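Enquirer: Going line by line, the protein sequences match chains A and B.
Count the first sequence with full-length UniProt numbering and you get residues 1 to 118, in order.
Count the second sequence with full-length UniProt numbering and you get residues 1 to 118, in order.
Bear in mind the hints are in silico, worked out from the structure with no lab data behind them.
Accuracy of the hints is not assured; some may be wrong.
Unchecked claim - No more than 27 Å apart at the CA atoms, straight line, and that leaves these computed lysine-lysine pairs for BS3-like: (1) B:Lys54 to A:Lys24; (2) B:Lys54 to A:Lys104; (3) A:Lys104 to B:Lys45; (4) A:Lys90 to B:Lys24; (5) A:Lys24 to B:Lys24; (6) A:Lys104 to B:Lys90; (7) A:Lys104 to A:Lys45; (8) B:Lys24 to B:Lys72; (9) B:Lys72 to B:Lys104; (10) A:Lys24 to B:Lys90; (11) A:Lys90 to B:Lys54; (12) B:Lys90 to B:Lys54; (13) B:Lys24 to A:Lys54; (14) B:Lys104 to A:Lys24; (15) B:Lys90 to B:Lys72.
What the hints assert, rightly or not - Footprint (simulated), chain A over chain B, 3 or more residues, beta carbon under 8 Å: (16) 9-16; (17) 33-46; (18) 73-80.
Just so it is clear, the structure is predicted and the values come from calculations on it, not from any experiment.
All C-beta atoms in this analysis are idealised placements derived from N, C-alpha and C, irrespective of residue type, glycine included.
2 protein chains.
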Amino acid sequence: MASSARRGPYICGIDAAMDVVSGKWKSLILWELDSHGTRRFGELKRSLPGVSEKMLIQHLREMEEDGLIHRKVFREVPPRVEYSLTEHGKTLNEALRPLGAWGKERIERLAREGTLAT
Amino acid sequence: MASSARRGPYICGIDAAMDVVSGKWKSLILWELDSHGTRRFGELKRSLPGVSEKMLIQHLREMEEDGLIHRKVFREVPPRVEYSLTEHGKTLNEALRPLGAWGKERIERLAREGTLAT
DNA sequence: CGGCATCCGACCGGATACTG
DNA sequence: CAGTATCCGGTCGGATGCCG
Numbered sequence: 001m002a003s004s005a006r007r008g009p010y011i012c013g014i015d016a017a018m019d020v021v022s023g024k025w026k027s028l029i030l031w032e033l034d035s036h037g038t039r040r041f042g043e044l045k046r047s048l049p050g051v052s053e054k055m056l057i058q059h060l061r062e063m064e065e066d067g068l069i070h071r072k073v074f075r076e077v078p079p080r081v082e083y084s085l086t087e088h089g090k091t092l093n094e095a096l097r098p099l100g101a102w103g104k105e106r107i108e109r110l111a112r113e114g115t116l117a118t
Numbered sequence: 001m002a003s004s005a006r007r008g009p010y011i012c013g014i015d016a017a018m019d020v021v022s023g024k025w026k027s028l029i030l031w032e033l034d035s036h037g038t039r040r041f042g043e044l045k046r047s048l049p050g051v052s053e054k055m056l057i058q059h060l061r062e063m064e065e066d067g068l069i070h071r072k073v074f075r076e077v078p079p080r081v082e083y084s085l086t087e088h089g090k091t092l093n094e095a096l097r098p099l100g101a102w103g104k105e106r107i108e109r110l111a112r113e114g115t116l117a118t
């Protein structure tokens, strides 16, 4: 399986949480689903400029397996699949909020100091 | 330079924060330094079972470059180097706390449900 | 003691092509 | 539309050996 999550023995809480959100786009997916409530595969793809379908689906599957998101398939033609956050996903997003705020401040500080790499 | 951090243009705060803490041991280093205030290289190494010297020093250097930790060299024989958190490192650790709590709950839930991979 | 240099395997993630 | 399959390169990270 192309699973990157360890789901293994964890040293501490941070370790376990990082395991679940590590992956280039996962936090962005969380963010996106939290903002819009529900998103289709294509919408998600368009929301994350630069993501490949492979990585997107891989991340989505892992996040589903981790109980963070829900995948609802509509047996229609053309096919439709909607992704949304589970309760765990929502609480994770809440837990991520302070980190996001910290990062935001960091971005602003870097911009002010002109330390941003060219 | 063997730098894994992008320090590049960020999409959002989470993105910027994840950039700084991604790396197998960084959050643990943060945790360790926060608990003990100051740690020598060898102590840190012993605190993180399984870490290689290469990764430890690499992470420490990146975290120093990112302004998260302070490196103090004592010109003695034998040499001594002490690492400690900067103010930014401390605030990052604070921002990480909810995530750690979330992860801790996740570990407990996994244990209860016996879902932990063998 | 506290590093640095080098080699190397694993896997993370991108590009492309194909399918129901 | 929403994937799957395959190939492939770059990087992450471990092992080993050497140095001030």
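Enquirer: Taking the numbered hints from earlier one at a time, note which ones the structure violates and give those numbers from smallest to largest.
Expert: 2, 3, 9, 11, 17 and 18
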